Amino acid sequence: MLAEQHDLGTPGSPVYAVSRTQKNEVPLPVLNSIKETSLSGKQLRERVVAAETKRWADRAVAKPSLRLYASHKHSISQEHFYDNLPGSAMLFEVRAGVLRTRMWRWKWDDAEEVMCAVCGEEEETAEHIVLWCEQLTAHHPSYTTMAEALGFVAHPPPGDTLGTGDTTDASAAPRSS
11 MLAEQHDLGT
21 PGSPVYAVSR
31 TQKNEVPLPV
41 LNSIKETSLS
51 GKQLRERVVA
61 AETKRWADRA
71 VAKPSLRLYA
81 SHKHSISQEH
91 FYDNLPGSAM
101 LFEVRAGVLR
111 TRMWRWKWDD
121 AEEVMCAVCG
131 EEEETAEHIV
141 LWCEQLTAHH
151 PSYTTMAEAL
161 GFVAHPPPGD
171 TLGTGDTTDA
181 SAAPRSS
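Under our numbering, think of the first position of the sequence shown as 11, with each following residue one higher.
Hints listed in this document are in silico derivations from the structure and should not be mistaken for laboratory results.
Predicted, not measured: the structure shown is a model, and the values here were computed from it.
Just so it is clear, CB atoms sit at the ideal spot from N, CA and C, and this is done for glycine as well.
Just so you know, not all the hints are guaranteed correct.
Okay, the calculated beta carbon distance ranges per label pair [stated by the list, open to error]:
hint	residue 1	residue 2	range
1	Trp-66	Glu-123	23 to 31 Å
2	Val-108	Glu-133	17 to 25 Å
3	Glu-133	Leu-95	25 to 33 Å
4	Lys-83	Lys-52	44 to 52 Å
5	Ile-86	Gly-51	14 to 22 Å
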């Protein structure tokens, strides 16, 4: 059954329709009225992509579990985060902000033990598991950020703490010729 649509356009402007069955009543171009718009097909596509990207980003930012993901993902595109290798599912959960660490469980049950179940040295957080627990992962260099370890951004070279490509800092590792 087709949803009832209401014409919101005015002469000389793009014609939009709002469906009563749509959850957020997002204006959608009426495809059969495309001749009545002054926008080219490319401009119309760009506006639709921009509106969908903004809606997608707003929804991601609104979810606390997606805070890390939303802060590093700026467009709707396919990611190759899950590759069926051991640990891939865990990293996927960390990227999505849903890894159930002991610190996560402690929010609801303060009697829960919070120290890492593997090493027992630090609180079991997603950062500890990904970056610091030597029993679980290879130790990352001290300048590695969580976003880099999760593959959201490329690792800068040693000494490039700002990610600019400049390693002239005194603490930078010497370059080999």
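Evaluation of the provided hints:
For the hinted restraint 23 to 31 Å between Trp-66 and Glu-123, the CB-CB distance of approximately 38 Å leaves it violated. Distance hint for Val-108 and Glu-133: a CB-CB separation of about 18 Å, consistent with the stated range 17 to 25 Å. As the Cβ distance of Glu-133 to Leu-95 is approximately 27 Å, the hint placing it in 25 to 33 Å holds. For the hinted restraint 44 to 52 Å between Lys-83 and Lys-52, the CB-CB distance of approximately 25 Å leaves it violated.
Between Ile-86 and Gly-51 the Cβ separation comes to about 20 Å, which falls inside the hinted range of 14 to 22 Å.
Hints 1 and 4, counting from the list given before, are not met by this structure.
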